[in-house]
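Engineer: Single-letter residue listing:
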Amino acid sequence: MTVEFGYPQEREVRSGARVSALEALLIEKGVITDGTVDKVLRYFETDMTPLNGQKIVARAWTDPDFAARVVDDTPAAIADLDLPIGMAGAEGEHLQAVANGPGVHNLVICTLCSCFPWPVLGLPPYWYKDPTFRARAAREPRVVLEEIGIPLDPSTELRVWDSSGHSRWFVIPERPAGTEHLGETELAALVTTESMIGTALVAAPGAGA
Amino acid sequence: MSGDHGHEHGPADPTAPLHSSCVTDTDAPTFDAPWQRRAFGLAVALSEFDHYPWEAFQQELIGSIGSWEAGSDAERSSWEYYTHWLAALEKVVVAHGIVDEAELAHRVAATARD
Chain A
1 MTVEFGYPQE
11 REVRSGARVS
21 ALEALLIEKG
31 VITDGTVDKV
41 LRYFETDMTP
51 LNGQKIVARA
61 WTDPDFAARV
71 VDDTPAAIAD
81 LDLPIGMAGA
91 EGEHLQAVAN
101 GPGVHNLVIC
111 TLCSCFPWPV
121 LGLPPYWYKD
131 PTFRARAARE
141 PRVVLEEIGI
151 PLDPSTELRV
161 WDSSGHSRWF
171 VIPERPAGTE
181 HLGETELAAL
191 VTTESMIGTA
201 LVAAPGAGA
Chain B
210 MSGDHGHEHG
220 PADPTAPLHS
230 SCVTDTDAPT
240 FDAPWQRRAF
250 GLAVALSEFD
260 HYPWEAFQQE
270 LIGSIGSWEA
280 GSDAERSSWE
290 YYTHWLAALE
300 KVVVAHGIVD
310 EAELAHRVAA
320 TARD
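Taken in order, these protein sequences are the chains called A and B.
Residue numbers for the first sequence follow the working numbering, so the first one is 1 and each next one is one higher.
Residue numbers for the second sequence follow the working numbering, so the first one is 210 and each next one is one higher.
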């Protein structure tokens, strides 16, 4: 695996030993139990996934009142949805939604490290943490968007949101045309993680990305 | 194509191309190795159970990544996000008196010998 990813083998072995040693020491000291880390990981890997963000977006597309509230007070608005317990914790209290619309496109980045709205989008895609992406998206976001297939009209306002520990931004993308007949569940399935970061648009079914 | 490939250019180069799979590889695994997953879980668990505020960990992570970015290509190691995560985790647990630095180093040495 380490060869496949091109990391120095020696460093990988060393990193593995460092993590094992730290966890063992913490268990020995009674700081955590031997099940603590697995429990936290399960929570992240099964409950806190992009499915939450998809439901939020689909609700915003079908309920104008919710659409207004989710931008105004994100944690309060999503508390009304049937999402996994604990959404308020794990940084969820800092969630902030921003909405795309005619003439407005939002892009979420994190130039400092890789702050990400875990509760609604799960863990970040690897490229979000990439130093080149982080730096270039901050410096020349229009160029980056064009390169990845979202050429913005010069008249479109591009808002770039730099995440921090206190603001975990996510995007409510625009509902694609031709989806008027779809229900909330079908709409949710169209929403990608990338569209909620602002690095993709949502395509209508069969329209291609 | 997936993973935080160790690539050579840093953010100082504004013309560096994005990865070919950048922002299109939606099936990329979040972790490239089991230790990355454990390190992630440990950092979050300790914060969730109030051993340190999340911001304290985050500041260490920002510091570690910042040092790497400030270094020259010749002197720094290849980019791997979770090596910074692990370094930040070790710093924050020592800074908050959760483990002793020498004790941790001793245990790492013993684990590496196994």
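Simulated from the structure, these hints should not be mistaken for lab results.
Any given hint could turn out to be false.
[Unchecked claim] Taking lysine-lysine and the DSBU-like style, the derived pairs with C-alpha atoms no more than 30 Å apart in a straight line are:
#1 B:K300 - A:K39
#2 A:K39 - A:K29
#3 A:K55 - A:K29
#4 B:K300 - A:K29
[As the list claims (entries may be wrong)] Using C-beta positions, here's what the derived DEER-type ranges look like:
#5 A:L81 - B:D259: 25 to 33 Å
#6 B:E312 - A:D153: 30 to 38 Å
#7 B:A318 - A:V71: 48 to 56 Å
Note that this is a predicted model, so its numbers are computed, not measured.
Just so you know, even glycine gets a beta-carbon here, dropped at the ideal spot from N, CA and C.
Engineer: All hints, please: hold or fail.
Structural biologist: Status of the hints after comparison with the structure:
{"no.": "1", "hint": "B:K300 - A:K39", "result": "holds, 23 Å"}
{"no.": "2", "hint": "A:K39 - A:K29", "result": "holds, 19 Å"}
{"no.": "3", "hint": "A:K55 - A:K29", "result": "violated, 41 Å"}
{"no.": "4", "hint": "B:K300 - A:K29", "result": "holds, 18 Å"}
{"no.": "5", "hint": "A:L81 - B:D259: 25 to 33 Å", "result": "holds, 27 Å"}
{"no.": "6", "hint": "B:E312 - A:D153: 30 to 38 Å", "result": "violated, 59 Å"}
{"no.": "7", "hint": "B:A318 - A:V71: 48 to 56 Å", "result": "holds, 52 Å"}
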